[in-house]
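Participant: The chain contents come next:
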Amino acid sequence: MIAHRFKYSCPRSAEEAAAELAQMEGEETAIISGGTWVVPEMSHHLRRPKLVIDLKLAGLAGVSAEADAVVIGPATTYTQLAHSKHTPNFLKKVVAGITGGSQIRNRGTIGGSACYANPASDIPGALVTMKASLHLRAHSSTRIVEAADFFLDANVTLLEPDEILESISIPSTNDENLFSYAKFKTAQGSWPIVTIGCIASEDGVARRVIVGGAGAIPFAVDLDGQESEDEVLQRVHAAMRQPWSDVFATADTRRHIAGVMTQRAVREIAAAKNGEKS
Amino acid sequence: MTNPQQNLPVNVVVNGVRHQVEVDPRLALVDFLREDLELTGTNVGCRTGDCGACTVTVDGEVVKSCLSLAVSADGSEIRTIEGFAGEGEELSPIQSAFWNEFGFQCGYCLPGMLFCTEELLGENADPSEADIRHAIDGNLCRCTGYHGIVRSVQTAAAATRTCNRKRVSE
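Each protein sequence line maps, in turn, to chains A and B.
My numbering numbers the first residue of the first sequence as 1 and each following residue consecutively.
My numbering numbers the first residue of the second sequence as 1 and each following residue consecutively.
No lab work stands behind these hints: they were computed from the structure.
Yeah, the Cβ is synthetic: ideal placement off N, Cα and C, and Gly gets one too.
There may be inaccurate statements among the hints.
If you want the footprint, here are the derived chain A segments under chain B, 3+ residues with CB under 8 Å [claimed, not checked]:
(1) 4 to 15
(2) 32 to 38
(3) 51 to 60
(4) 103 to 109
Partner residues aside, some chain B positions facing chain A, computed with beta carbon under 7 Å [as the list claims (entries may be wrong)]:
(5) Arg26
(6) Leu27
(7) Thr48
(8) Leu67
(9) Gly138
(10) His147
(11) Gly148
Chain A with its partners taken away, still in its complex shape (with noise of 0.2 Å):
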């Protein structure tokens, strides 16, 4: 049983999810999209919201195609990510490797892992490579942040107290684009090292790497496409900020397996790209 007592709500939609937590006046409060954090973080006594937002009657969940993006709810699951044909190819990928079995991948959300910003999860990474906006509610207000600015350090983003995450917008004007998306795991069951995704520009060349979990948030490495080996890792290196290190693997772990791990990602969009000629 968890210890302190909380309000448990169900809203019917973002709107009155808004207005619930523009009541609370600073109060802690937590928001069960999938649940996977939320609750056993009560369990153990290291979050005690006044206020327990449920969405599962909200509305959030679902993924649709309108006429230059994909638009995903915040409580989708992975395995609806999964299923669904509007799920673009690369974050199709991305889900399909979610640590922790099926159960979490039919439990857990897209939503509740970008507001939780888990340094080592694979979401954060993936919406910022996939140019993903953000659509936030606030109770009066709504906002659009981009996915490259929504993260701002190890589970902190731009999410105000008063805000609920609405939707997410995911351009299609590069699904068709030539893709990779790789992560480094010391076990099958454990959080990613790090992880690669890219998606490259529509002349089939890696510009754009984005590496996560090797720092506290999502860096991009931004490449013409011309360099050699080395200096892709001297990109790699230069652009890791703020490096993240835990009992998994230490910073300085991290920075050496991204600079590996970048460069097989350009070498394998470089690799399809010629295979496609050929």
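Starting from the known structure of chain A, arrange chain B on it as the hints suggest.
Facilitator: Showing chain B alone in chain A's frame:
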């Protein structure tokens, strides 16, 4: 304005039996099943979502019941390991395969192993060893080293295929 709530109504069907109860919102689903309904086949391991010992299905989806509040399950249909075998079966073909292949020793991980096997075989009648290892990767077993479990799932897959062929030919 944020008066903590007392008990909330929860209406669930567990292993085919309807329960209309009131529960404390602080109760995890696993504790509701074990303590209120006395279905202690669902085990508590880590309470962090790592071990899989508390696995059940909620509306047909395999989930870890330490990661849900009981109140969130209101309106759901739940199956625990006690309801794993069909009516009139002592053991299901999957359970028999684990029994015959020594797929468990202490049995603590069985809720996760069995439900994940069932989910896998529902999607893929003839899984490779890699498919099997991927399907059970949300569950920790500290007894078997997983070899017996992989063999059990392979045996269960063969048994299920035979069973399905019989059903088709009948």
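Participant: So, for every hint listed, does it hold in this structure?
Facilitator: Status of each hint after checking the structure:
no. : hint       : in the structure
1   : 4 to 15    : holds (count 5)
2   : 32 to 38   : holds (count 4)
3   : 51 to 60   : holds (count 4)
4   : 103 to 109 : holds (count 4)
5   : Arg26      : 4 Å, holds
6   : Leu27      : 6 Å, holds
7   : Thr48      : 5 Å, holds
8   : Leu67      : 5 Å, holds
9   : Gly138     : 1 Å, holds
10  : His147     : 15 Å, violated
11  : Gly148     : 17 Å, violated
Hints 10 and 11 from the earlier list are contradicted by this structure; the remaining hints agree with it.
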